[in-house]
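There are 2 protein chains.
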Amino acid sequence: MAIVMYDLAGADPALRFSPYCWRIRMALAHKGLAVETVPWRFTEKAVLAFSGQGRVPVIRDGDAVVSDSWSIAEYFEATYPDRPSLFGGATGRAHARFINSWADGVMLGGIARLIVRDLLDVVDPKDRTYFRESREARFGMSLEAVQQGRETRVADFRASLLLPVRLVLGRQKWLGGDTPSYADHIIFGTLQWPRCVSRFELVAADDPIAAWRERMLDLFDRLARKAPTV
Amino acid sequence: MAIVMYDLAGADPALRFSPYCWRIRMALAHKGLAVETVPWRFTEKAVLAFSGQGRVPVIRDGDAVVSDSWSIAEYFEATYPDRPSLFGGATGRAHARFINSWADGVMLGGIARLIVRDLLDVVDPKDRTYFRESREARFGMSLEAVQQGRETRVADFRASLLLPVRLVLGRQKWLGGDTPSYADHIIFGTLQWPRCVSRFELVAADDPIAAWRERMLDLFDRLARKAPTV
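Note that the protein sequences, when read in sequence, are chains E and W. Residue 8 is where the first sequence starts when you use our numbering, and the numbers rise one by one after that. Residue 8 is where the second sequence starts when you use our numbering, and the numbers rise one by one after that.
Possibly wrong hints are sitting among the right ones.
All copies of an identical chain are treated as equivalent in the list; a pair is satisfied when it fits inside any one copy or across any two copies.
Pairs of lysine to any residue, SDA-like flavour, derived with a Cα cap of 25 angstroms [unchecked claim]: (1) Lys180 with Thr86; (2) Lys180 with Asp111; (3) Lys180 with Trp77; (4) Lys180 with Asp75; (5) Lys233 with Ala18; (6) Lys180 with Ser74.
Worth flagging that the hints you see were computed from the coordinates, not collected in a lab.
Bound-form chain E, shown alone (with noise of 0.2 angstroms):
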């Protein structure tokens, strides 16, 4: 029986781009597990009850359910053991947390500073005011103002932020290493997100970081490519 995946979709329940569902997206290709995906909108909060909470990616496979995109890779990978490795062992874990700690608390924030009004024209009408109304309290300003200047603050963006990744895909071919991994995935659907809803470019084509997407977007029988954007 397939595994079964809420996943935040857009007005167009065919546009999925949660950058957290798109890592597990990705880990679940990476496994060879088969996934059956229930589009889902923010405000759809009573759907998850049974997850004990109101965000997605939620799975089920079979009896188990599992929320939260860390712990859902971790539950692969102690689930499928046989299966092609996220980690590669206990410390490439522990590593793994590192990046994900970083792609959510300083590259999210980074990119959503650069694309959050382009994401209202794109969630279900539904969830329009929720999600003004949510990021504007995070931010403190309206979603225009958050995005404004986007087309000069992206230089600092790609020279700054995108430093660390620009700097091991300088020395190897995949976060991973020879081989994806978790890793990838982190930073590949928190590039996704944006590529899926805006069609503001975050990385410049000369980026060994694009050729790189180049590469993940080829991954699984090119899943990730065949997803549609906006």
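Given chain E, work out where chain W should sit, using these hints.
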């Protein structure tokens, strides 16, 4: 025969403060390898000519000469595989490279902006002109101007720059997981630099990073705790 390591020293030859050399001092102790350190000053480039470059750390292990802290850590892991592992396998090493890149590309610069003028007071007299000129060229302003306003700026450093480290240490005892790994030595070594050269405290006393740093200071028979500071 003990490994020889060229180690950045101040006017006081016992004061050792290079963030890169500290990573390797900790890695040597982690592997249980004996070391003889040779105090070295910034302007003694000729002393390192045998290594084909002009920066420390440089180690000589029998006939092997290795420079660059990351390369030295990889050399130890490959040459002494039966001793406690620094990386926990190929994926752990690949993921640690992200942490190393973040420390070099983000953390070091953030710390320098808070303590770089203090360094001038501890470097060897013969290094002072070199140190001031090279660092002022890098920052495009005087050392005094770089460090100005640190009493207020340190709050942002703590909240934003140290955030990924804090998030990890809220979930696991060491950056390496249940035991220290080279990831711990990277971040600890980087923090040992300001700790040795400045009385300005970068880490708040109630930060989980402070508690972890105390544990790091106690490792290897209190190796780093015994080191002189200003």
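Taking the hints in turn, this is what the structure says about them:
1. Taking CA atoms no more than 25 angstroms apart as the test, Lys180 paired with Thr86 passes between copies only; the shortest distance there is 24 angstroms, against 28 angstroms inside one copy.
2. Taking identical chains as interchangeable, the C-alpha atoms of Lys180 and Asp111 lie at most 25 angstroms apart whether they share a chain (23 angstroms) or sit on different chains (20 angstroms).
3. Taking identical chains as interchangeable, the C-alpha atoms of Lys180 and Trp77 lie at most 25 angstroms apart whether they share a chain (23 angstroms) or sit on different chains (17 angstroms).
4. Taking CA atoms no more than 25 angstroms apart as the test, Lys180 paired with Asp75 passes between copies only; the shortest distance there is 21 angstroms, against 28 angstroms inside one copy.
5. In this assembly of identical chains, Lys233 and Ala18 lie within 25 angstroms of each other by CA distance solely inside one copy; the values are 18 angstroms within and 61 angstroms between copies.
6. In the homo-oligomer, the alpha carbons of Lys180 and Ser74 lie at most 25 angstroms apart only across protomers (23 angstroms), although the nearest pairing inside one protomer, at 30 angstroms, exceeds that limit.
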